[in-house]
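Visitor: Single-letter residue listing:
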Amino acid sequence: MTIMARLLVFNIARFIVLLMLQVFLFKNIGYYNLATPFPYILFILLLPVGMSNFMLYCLAFVMGISVDAFYDTLGVNAAASAALAWARIAFIRITLQTDHYENYMTPLWGNVPFRWFFLYTVLLTLIHHSVLFMVEAFSFHQFHYTLIRILLSCIFTVVIIMLFSLLFYRRKQR
Amino acid sequence: MKNLWLILHKYNAFFLFIVFFGVAFYLVVQNNTFQRASAINSSNQLIGGAYAEINGWRSYLHLAEENALLAKENAALRKKLQYYITPDSVERGMTSDTLRDVQYHYIVAKVTNNSIHQKNNYITLDKGTRHGVKKGMGVISANGIVGIVLNVSPHFSTVQSLLHSETRISASLEDSQTFGSLVWGDNYDARKAMLKDIPNHVKVRKGERVYTSGYSLFPPGILIGRVIETGISGGDSFLDIKIELSTPFHNLQHVYVVEDYFADEKTELESLNDDNG
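Note that the protein sequences, when read in sequence, are chains U and E.
Okay, so the first sequence: first residue is 4 according to this note's numbering, each after it adds one.
Okay, so the second sequence: first residue is 2 according to this note's numbering, each after it adds one.
If you are wondering where the hints come from, they were derived from the structure by calculation, not from laboratory data.
Ideal Cβ positions, reconstructed from N, Cα and C, are used throughout, including at glycine.
Treat the hints with care, since some could be wrong.
As the list claims (entries may be wrong) - Listed next, the stretches of chain E that the computed footprint assigns to chain U, with coverage defined by at least 3 CB atoms under 8 Å from CB atoms of chain U:
id	segment
1	10-18
2	141-149
Unchecked claim - Using C-beta positions, here's what the derived DEER-type ranges look like:
id	chain 1	residue 1	chain 2	residue 2	range
3	U	Leu111	E	Tyr189	55 to 61 Å
4	U	Ser55	E	Lys3	52 to 58 Å
5	U	Ile97	E	His255	36 to 42 Å
6	E	Glu175	U	His147	51 to 57 Å
7	U	Ser55	E	Gly50	58 to 64 Å
8	U	Leu169	E	Leu7	18 to 24 Å
9	E	Lys267	U	Gln145	51 to 57 Å
10	E	Val24	U	Met23	51 to 57 Å
11	E	Lys73	U	Ala72	39 to 45 Å
12	E	Lys135	U	Phe121	46 to 52 Å
13	U	Gln145	E	Lys204	53 to 59 Å
14	U	Leu154	E	Ala72	56 to 62 Å
15	U	Ile97	E	Thr268	58 to 64 Å
As the list claims (entries may be wrong) - If we take Cβ atoms under 10 Å as the criterion, some of the chain U residues that face chain E in the derived model are:
id	residue
16	Arg17
17	Pro51
18	Gly53
19	Asn56
20	Phe57
21	Cys61
22	Phe64
23	Thr76
24	Ala86
25	Trp89
26	Ile92
27	Gln100
28	Asn114
29	Val138
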């Protein structure tokens with residue numbers, strides 16, 4: 004039960020910290036309009052593996068809506084987060100055998116191999132950002148511009164997420 | 002029934018995705034002005050094109066009416082024109098007046114989509130940037146004013162109809178020349194609008210005509226409608242006058258987009274006032 008409590012506390016802390024970082028720090032960082040990082044998705048990426056789908060969608064949605072509230076784009080991040088949750092379920096079902104890993108494991112580098120974690124982050128970030136920027140643009144007008152925004156932002160977000168996980172990885176080793 | 006549950010359970014990730022994404026998408030369209038504008042207004046190629054196609058067929062049904070209307074307008078214009086072409090020996094020699102350049106240009110457009118039953122109504126026209134339509138231009142019909150151009154794409158433009166809760170147009174009364182602002186307000190009738198900000202001391206007559214004042218995008222002297230309720234109630238310092246609109250919004254076919262050649266010059270000049278203040 005203490006493990007569950009720890010998970011709960013960690014995830015709540017992650018939610019608050021990532022949300023605050025996103026809306027107060029990363030909102031102001033960007034390369035013009037082309038690369039804007041959204042590392043708040045790390046919260047959704049790091050939810051425990053054995054979590055029920057419904058719960059996962061709910062949490063992803065709440066996170067998205069909270070970010071939206073600060074960005075004044077109600078629904079855009081929530082939609083992208085819902086897509087991210089779906090992609091996460093599919094990716095985990097395809098790549099992980101649930102009996103091999105214990106339930107309620109946080110899919111963080113250290114618990115899982117680095118290559119798996121990297122692929123996981125890149126693919127899911129790509130899906131999240133694709134949905135996000137396409138819903139935001141809301142048309143296929145100047146589609147190449149949207150594509151460039153997706154790619155550059157994706158790189159930016161992945162770099163930040165990797166830095167974060169590096170931080171946590173070291174702490175775990177200690 | 003059991004199989005249905007099995008399918009729902011087996012693919013629950015997908016169905017949950019549909020639900021959550023649907024809710025989020027609904028929020029996006031409902032709450033973000035940009036997305037709402039581009040989802041509901043039909044200036045995008047696909048919907049605009051579809052409407053143009055359907056309207057091409059439908060316009061045949063209104064040909065007779067439309068012809069009559071155009072003929073009537075022709076007659077009115079001819080009547081006006083005669084003042085210019087009648088050989089008037091007194092006026093002759095003064096006709097080349099360079100001070101009064103042509104100020105307004107009219108672009109003929111066809112209505113491809115129209116609504117009158119919403120709280121905020123929009124109209125789609127089949128003319129866009131390719132034809133010189135720009136954002137913020139006024140739109141009139143043969144019988145009165147229609148609205149203001151809101152968005153423009155290469156081939157289409159959307160018009161914020163007069164029947165929109167945020168449209169305000171400067172209008173003046175025929176007798177007293179007092180001007181106020183015309184709003185649709187909280188009306189739900191496509192034939193009526195309100196004239197606000199007319200001071201209480203102004204005498205308003207039932208049946209009095211209301212014209213555009215020329216202070217806004219529209220040329221002065223275009224008929225807007227007639228007063229049907231004078232709104233004298235006392236208490237307030239402004240009258241609420243009810244107007245019967247002369248534009249038949251329910252069967253709009255041809256409209257004119259008003260291009261004001263001096264608009265930029267005017268706004269530029271007027272912006273100087275703010276700078277000084």
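Visitor: Take the hints in turn and mark each one as holding or not.
Guide: Each hint tested on the structure:
With 5 residues bearing a CB less than 8 Å from a CB of chain U, the segment 10-18 of chain E meets the requirement of three and the coverage assertion stands. By the rule of at least three residues with a Cβ nearer than 8 Å to a Cβ of chain U, the coverage given for the segment 141-149 of chain E is violated, with 0 such residues. At roughly 58 Å, the beta-carbon separation of U:Leu111 and E:Tyr189 lies within the given 55 to 61 Å, and the hint holds. Here the CB-CB span from U:Ser55 to E:Lys3 is close to 22 Å, at odds with the stated 52 to 58 Å.
Our hint of 36 to 42 Å for U:Ile97 and E:His255 is violated, since their Cβ atoms are close to 59 Å apart. Look at E:Glu175 against U:His147: about 55 Å separates their beta carbons, and that is inside 51 to 57 Å. One distance hint, 58 to 64 Å for the beta-carbon pair U:Ser55 and E:Gly50, is violated here, with the actual separation near 45 Å. Separated by about 44 Å at the C-beta atoms, U:Leu169 and E:Leu7 break the suggested range of 18 to 24 Å.
A hinted range of 51 to 57 Å is violated for the C-beta pair E:Lys267 and U:Gln145, which are about 33 Å apart. The supplied range of 51 to 57 Å is broken by E:Val24 and U:Met23, whose beta-carbon atoms lie about 25 Å from each other. Hint check: E:Lys73 to U:Ala72, Cβ distance near 55 Å, so the stated range 39 to 45 Å is violated. A hinted range of 46 to 52 Å holds for the C-beta pair E:Lys135 and U:Phe121, which are about 50 Å apart.
For the pair U:Gln145 and E:Lys204, the beta carbons lie near 56 Å from each other, so the given range of 53 to 59 Å is met. Between U:Leu154 and E:Ala72 the CB atoms are about 59 Å apart, so this pair conforms to the stated range of 56 to 62 Å. One distance hint, 58 to 64 Å for the beta-carbon pair U:Ile97 and E:Thr268, holds here, with the actual separation near 60 Å. Violation of the interface hint for U:Arg17 is found here, the shortest Cβ-Cβ separation to chain E being roughly 21 Å, above the 10 Å cut-off.
Interface hint at U:Pro51: violated, since its Cβ lies 16 Å from the closest Cβ of chain E, which is beyond the 10 Å cut-off. The beta carbon of U:Gly53 is not positioned within 10 Å of any beta carbon in chain E (closest approach about 14 Å), and the interface hint is therefore violated. About 5 Å separates the beta-carbon of U:Asn56 from the nearest beta-carbon of chain E, less than 10 Å, and the hint is met. Here the hint on U:Phe57 is kept, as its CB sits about 6 Å from the closest CB of chain E, short of 10 Å.
Annotation: U:Cys61 was flagged as interfacial toward chain E, and the flag holds, the nearest CB pair being 8 Å apart, inside 10 Å. With its C-beta approaching chain E no nearer than about 5 Å, U:Phe64 sits inside the 10 Å limit, and its interface hint holds. For U:Thr76, the suggested interface contact is upheld, since its CB lies about 6 Å from the closest CB of chain E, less than 10 Å. Checking U:Ala86 against chain E: minimum C-beta separation of about 6 Å stays under 10 Å; hint holds.
Given hint, U:Trp89 at the interface with chain E, holds; its Cβ is 4 Å from that chain's nearest Cβ, closer than 10 Å. Hint on U:Ile92 holds. Least Cβ distance to chain E is approximately 4 Å, under the 10 Å limit. Of the supplied interface hints, the one on U:Gln100 is violated, with its beta-carbon coming no nearer than about 17 Å to a beta-carbon of chain E, more than 10 Å. Among the interface hints, the one on U:Asn114 is violated; its C-beta lies about 22 Å from the nearest C-beta in chain E, farther than the 10 Å criterion.
Interface restraint check for U:Val138: the shortest CB-CB distance to chain E comes to about 6 Å, inside 10 Å, so the restraint holds.
Comparing the model with each numbered hint stated earlier shows that hints 2, 4, 5, 7, 8, 9, 10, 11, 16, 17, 18, 27, 28 do not hold.
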